[in-house]
Amino acid sequence: MVTTVTSFGRSGLSDWLLQRFTALILLTYTLCVGSFLVLHPQLDYSTWAGYMGSTPMKVFSLMALLSIVAHAWIGLWSVSTDYLTVRMIGPRGNMIRILFQASYAIVLFAYLVWGVQILWGN
Amino acid sequence: MLQVSVYRYNPETDEKPWMQDIQLDTGGKDLMVLDVLELLKAEDPSLTYRRSCREGVCGSDGLNMNGKNGLGCITPLSKTVKGNRLVLRPLPGLPVIRDLVVDMTMFYQQYEKVKPYLINDQPAPAIERLQSPEERAKLDGLYECVLCACCSTACPSFWWNPDRFVGPSGLLQAYRFLADSRDTATPERLAELDDPYSVFRCHGIQNCVQVCPKGLNPTQAIGHIRNMLLERAT
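Those protein sequences? They're chains E and S, same order as listed.
At position 88 of the first sequence (counting the first as 1) the number is 88 in the numbering used here, and the numbers step up by one without a gap.
With the second sequence counted from 1, adding 122 to any position gets you the numbering used here.
There are no misleading hints in this set.
Using C-beta positions, here's what the derived DEER-type ranges look like:
{"#": "1", "chain 1": "S", "residue 1": "Leu352", "chain 2": "E", "residue 2": "Thr3", "range": "13 to 23 angstroms"}
{"#": "2", "chain 1": "E", "residue 1": "Thr30", "chain 2": "S", "residue 2": "Gln125", "range": "44 to 54 angstroms"}
{"#": "3", "chain 1": "S", "residue 1": "Thr306", "chain 2": "E", "residue 2": "Tyr104", "range": "39 to 49 angstroms"}
{"#": "4", "chain 1": "S", "residue 1": "Asp285", "chain 2": "E", "residue 2": "Gly50", "range": "53 to 63 angstroms"}
{"#": "5", "chain 1": "E", "residue 1": "Thr30", "chain 2": "S", "residue 2": "Ala355", "range": "23 to 33 angstroms"}
{"#": "6", "chain 1": "E", "residue 1": "Thr3", "chain 2": "S", "residue 2": "Thr135", "range": "35 to 45 angstroms"}
{"#": "7", "chain 1": "S", "residue 1": "Glu310", "chain 2": "E", "residue 2": "Thr47", "range": "54 to 64 angstroms"}
{"#": "8", "chain 1": "S", "residue 1": "Glu256", "chain 2": "E", "residue 2": "His40", "range": "56 to 66 angstroms"}
{"#": "9", "chain 1": "E", "residue 1": "Val116", "chain 2": "S", "residue 2": "Glu266", "range": "47 to 57 angstroms"}
{"#": "10", "chain 1": "S", "residue 1": "Val179", "chain 2": "E", "residue 2": "Val79", "range": "31 to 41 angstroms"}
{"#": "11", "chain 1": "S", "residue 1": "Val179", "chain 2": "E", "residue 2": "Thr28", "range": "42 to 52 angstroms"}
{"#": "12", "chain 1": "E", "residue 1": "Val79", "chain 2": "S", "residue 2": "Ile241", "range": "30 to 40 angstroms"}
{"#": "13", "chain 1": "E", "residue 1": "Leu66", "chain 2": "S", "residue 2": "Ser303", "range": "34 to 44 angstroms"}
Note that these hints are calculated values from the structure, not bench results.
Every residue, glycine too, gets a C-beta built ideally from N, C-alpha and C.
Okay, chain E solo, but in the shape it has when bound (with noise of 0.2 angstroms):
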């Protein structure tokens, strides 16, 4: 068995199976969002205020935004693991892989506060 500290669940199946159940959510999600605009050409602030805020629908949002979180950090971990490695592009391949890590990191982390913010927030 390889071992690594950097994945997600840091079992394969875990994080295979995170992966589909979050594409999944988002896909709903997408066509939800999707439909609700194509369902309402003329839409104005306060119809979008009121779907976008009614409680379902936060619920739904802060799924979807953890959804990305999850889904972004293990694909986005497949392929710093594919080609920023050692291998692919020489003996810095393993600082610039966990410097890049640590930057997505963080970025996903900021984003997933700022939409709990943006949904929960006053």
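Based on these hints, arrange chain S on the given structure of chain E.
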């Protein structure tokens, strides 16, 4: 005349690999690619490649022909030549030892990792361990692998992580023993595979299925392993 372009590299004399262009008279015959290599070697004995059985059983002469991996001995020119041109390169992704011969160490290390032998902790029976015809049928499409490495060296995930991703060939063999009713080490075998690299680097692009000279389906075997892992862990 067939235009043949062969990858040449002798680490003792060449600074870097180069392509040798040769015109070859095939006499209008639909030769196998291995026959072409034999004709070229008759002209230039320094040309180096692996070969043995010349009938697709030993898996020695895996190489890249016009961009697609396969066994030279069972690939007729009519199946691979485009525009009267044949480009021969070593299997991609593995270090080249010389010309068309690659160092298969990493490939074999992954094969070794899956413990490709029957493990049974029950007392051995007097004659043999029996299987029903149905149990035996589960091994069809798995046991036929000749370890030519055509599949694993066609897999980008194996190119990027040959030391961590088992690769299609090794995983086909892993499933061959997971599916064997006589093997009792299923939990240990599955536990060894449940990390983010060994199995889950497969993204299902099916290059392995496309190139397997024996018509096997490693992607399907990998799917079965994934299902077994799911069953065990959820």
